[in-house]
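*Asks:* What follows is the residue order along each chain.
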Amino acid sequence: MIAPRWRKVFRDIGETPLRTALAVVAMAAGAFGVGTILTAYSILTRELKTTYSDTQPASAILVMDGNGVSDALIDGVRHVSGVSGAEARPVISGRLRVGQDQWVPVILFVVRDFRDIRIDRFTANSGAWPPGDDEILIERSSLSVVHAAIGDRVVVRSNDREQSVRIAGTVHAAGLAPGWMDHVVAGFVSWKSVLRSGESSQLRIVVDGNRLDERHIREVANRVSESIGKQGRHVTRIDVPTPGRHPHAAQMDTFLFLLGAFGALTFALSAVLVANMIHALLTEQVRQVGIMKTLGASTRQVATLYLGQVSILALASLCIGIPLGISAGLAFARFCASMLNATIADIAPSLWIIVAEVLAGIFIPLLVALGPVIRASRISIHEAFSNDIGRRPFGTRRFDRWLARIQFLPRPLMLSLRTAFHRRGRLVLTVATLAAGGAAFIAALNVSAAWTRTLDADARARRFDIQAVVSQPTAIADVAKALATVPDVARAEYWAEGRAMLGDTRVSIVGPDADSKLIDPVLIEGRWLMPVDDGAAVINQMVASRGLHVGNDVVLRINERIVRWRVVGIVKELAPRATIYAPPRAILQATGQSRDTTRNVRIVTRRHEVADQVTASKAIEQALNRAGISVDGIQALSDSRKSFADHLVIIKTALIFAALLVVLVGGLGLTSTLTLNVFERTREIGILSAIGATPRTIARYVVFEGMVMAVLSWCLAVIVAVPITFALDAATGQMFIRSALDFFMSPMAVAAWLVLVLILAALSSFLPARRSARLAVREAIAYE
Amino acid sequence: MIQLQDLTKTYNTPAGEFLALRNIDLEIAAGEFVAIVGKSGSGKSTLLNMVGGIDRPSSGSLIVADKAIGKLTHNELALWRGRTVGFVFQFFQLLPTLTVAENVMLPMDFCGDRPASQRRRHAIMMLDRVRVADQADKLPSALSGGQQQRVAIARALANDPPLILADEPTGNLDSETSVEIFTLFGELAAEGKTLLVVTHDREAASMVNRTVTIADGCVA
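Residue numbers (my numbering), protein chains in the order written: chain A, 1 to 784; chain B, 785 to 1004.
Don't read these hints as lab results, they were simulated from the structure.
Glycine is no exception: its CB is placed at the ideal position from the N, C-alpha and C atoms.
Among these hints, one or two may not hold up.
[Said to hold, decoys possible] Between beta-carbon pairs, the in silico distance windows are:
{"hint": "1", "chain 1": "A", "residue 1": "Met1", "chain 2": "B", "residue 2": "Glu987", "range": "39 to 47 Å"}
{"hint": "2", "chain 1": "B", "residue 1": "Ala900", "chain 2": "A", "residue 2": "Ala752", "range": "53 to 61 Å"}
{"hint": "3", "chain 1": "B", "residue 1": "Asp897", "chain 2": "A", "residue 2": "Pro17", "range": "29 to 37 Å"}
{"hint": "4", "chain 1": "A", "residue 1": "Ala751", "chain 2": "B", "residue 2": "Phe875", "range": "49 to 57 Å"}
{"hint": "5", "chain 1": "A", "residue 1": "His382", "chain 2": "B", "residue 2": "Ser845", "range": "16 to 24 Å"}
{"hint": "6", "chain 1": "B", "residue 1": "Arg986", "chain 2": "A", "residue 2": "Trp6", "range": "25 to 33 Å"}
[Said to hold, decoys possible] Residues on chain A that point at chain B, a partial pick, calculated with CB under 7 Å:
{"hint": "7", "residue": "Ile2"}
{"hint": "8", "residue": "Ala3"}
{"hint": "9", "residue": "Arg7"}
{"hint": "10", "residue": "Ile291"}
{"hint": "11", "residue": "Lys293"}
{"hint": "12", "residue": "Ala297"}
With the hints as extra help, turn the sequences into a complete structure.
*Replies:* Structural data, given as structure tokens:
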């Protein structure tokens, strides 16, 4: 038999179904928000890692001179100490035609045996497997870039020849970056493919022992290199991808960090919401606390009852919030995995997530309830039976008196203001709830806007429209002559460019013309290059992240020679590529290139719209072809900007998702909070009705009070959003581009939250206010 | 049963210090049925609150049922109250979500003196004692004011306390019901309970053994 006091708890919950529902919905909204993010986080963290590790990623890629990688050579490599596996994987680089005179870069991996792939594995997705000799398999995420379907024939141009091949099917290569994001088509061809000619001879190895130890991998790779050398071949380059890191790991880290950060913010929001609910719940129970105490209830007994009530509500909210949160989290995880070219094999969220949610869902409400419950339980009977318990009468504070002196405002407005500030506990909790939601919303949109601005700033730094790369060093005069035939070309610059090794990292070295107007980089530190500079260099933040500062020397290996330049500046770029800018003559001297030849051309067109850049690109390629100059690649700035933007899609998705989640959780919380506020004031509303206030007047007055709270919360949200935005800008920027984003307070975000919070406040105050105003005066005054 | 010596109660209000009771000396013997009368704001309810341990005196001595209750902690006071005092209020103060019988069982539940299995039977006995046993399973909202006050009295008797305190118990009832309630109080006094009743009801006040008049915080 249940004791009467516990029956009271259950009946109190059932007695006011609307209020109980509001409290449960508000708590469930918090559980849903946290559950969604934690579920997505746990599934993605696990699945992205396993999806990538299941591909058996190569520990090192060795690039050799000469053509072909024989089976005998691979057998020899497999016997080198420390090598666990080796596979030949020559790479054909070229371009693939996607429309009339429109080409996209393509990378085709040549596979020795499709039935025995042990390194950098990929799996059949659709269509045929393996491909025929005049067929290719396209990585599934590249299909949208190709603008073709399985069975279509496409033209591939590589090594100055064009070949038509059929798309036999698609594959899923989880170790490759998504093609739609990089704007590069990735594919696979057979060992006897018709496309094979002059490809890069590459082999991939997997090491024994600790596969995450880069030094160990390099030692083994060097032994392999020596072994290959003994077989008469020369290894020209050893690439060691960061062990255990997917090519887009930085995006994943940033994305997962954002999920985690907003998970924490949603958690905080939900805790404030719960505190608000409990405050509302206890406010109306004060008189009953008094009655129970007169009947002999101790403080502990009363506290136990209300903590029990909170636990029951929390359990009910968990029953709703957790399943919904897990479903939403799974759906979001699936969407994000598809964006990162991963597949979710196991949809079950980690057990610790469910345990954590249940524990947090029960203990957080209990924790935030503990203070108010103890306060309410300790209340004296005398206070409990007084109407305004524990509340200082209006006018006893300096602020109240100042407020009371304001006489010029309309009376309902004055009443709203004074009532709002009189009930300070309620005001603080309501404003805190709304501000927590608002700050998270504004911060999410701020960070999203900061990324857009970073993208814009990066685009502004490059003041050319098209960049063309020709196959061989070509006389600048010949290129200029060909470009002169294209009316769309306004001017062109021929920068010295090359490759260098900074320790074990490959870096691009770029030498803009001394008086170039085509680059205006964003400087983080120091200065840009000057015509008088000699032996000076400007590094981007990716190079700086290796501990280099202005005034340090950057030591490079170029063509087996050591070159030392003094760092005079550091620039911020969006491209995650390590780049060093130096005077052209220094680069020409270091690389041994001729002053009169070039492979890179930066072109300014007469018109700069996207369509103009595309048209000009085609015309330029045709002109170069007519002049007998083979083009390796041509890219409009709009395309590279789009590629950068596509890299940010996943981050922006996380931010927009977080903002929407906050609106949902905050919106529900706001509605419940303000609705409960009006419930609390039913007696007061009855008195107003008794002295002649019409339902319309009462509704207006209550709605206005809700809006006063909304505006106060908005002010606080804007202030709190500043440090949150700073922290998120710094963290996400460091993770993705190794440099904090510039702080930006988005006026759109600030305005959007104001509009949203005002609408929500008006709606959630109006409906209960109208209901209360329609109650008979007697009912309202007798309301308990 | 009740001994008050030089009892004073002062409240600090925004308007300044308010002396609610001053130097009260009062003794009430066990089994007495005492009415406390006086104008509104004279200090009647404050006096009742002091005796019931609802409020604490600012100075003076207060012994109720042989206990100096001013020295008890909050929890000791709660337990003492549950076992020693039965309260009856003007607005009944029944818990709206509990049935009549459950309301009566609640004090037993808090004090835990009676085995759980016997509590309902005892509650029905108390309800029968005040002639509302037939309403045991109804919610308070289904009862008339007089019936609710009878339930409140039954609840006050639940732990068989020696002292019943009633604050304007008939203030919300018609005259006929008021007489019924005071008759019931008289019966309880006859059974040996001590009753201290704050009232404005002159007719009802005439049914008590003794009347104590309070004026401006003093015993007149």
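*Asks:* Would you mind marking each hint as holding or not holding in the structure?
*Replies:* Hint check:
no. : hint                                : in the structure
1   : Met1(A) <-> Glu987(B): 39 to 47 Å   : holds (43 Å)
2   : Ala900(B) <-> Ala752(A): 53 to 61 Å : holds (58 Å)
3   : Asp897(B) <-> Pro17(A): 29 to 37 Å  : holds (36 Å)
4   : Ala751(A) <-> Phe875(B): 49 to 57 Å : holds (50 Å)
5   : His382(A) <-> Ser845(B): 16 to 24 Å : holds (20 Å)
6   : Arg986(B) <-> Trp6(A): 25 to 33 Å   : violated (44 Å)
7   : Ile2                                : violated (10 Å)
8   : Ala3                                : holds (5 Å)
9   : Arg7                                : holds (6 Å)
10  : Ile291                              : holds (5 Å)
11  : Lys293                              : holds (6 Å)
12  : Ala297                              : holds (5 Å)
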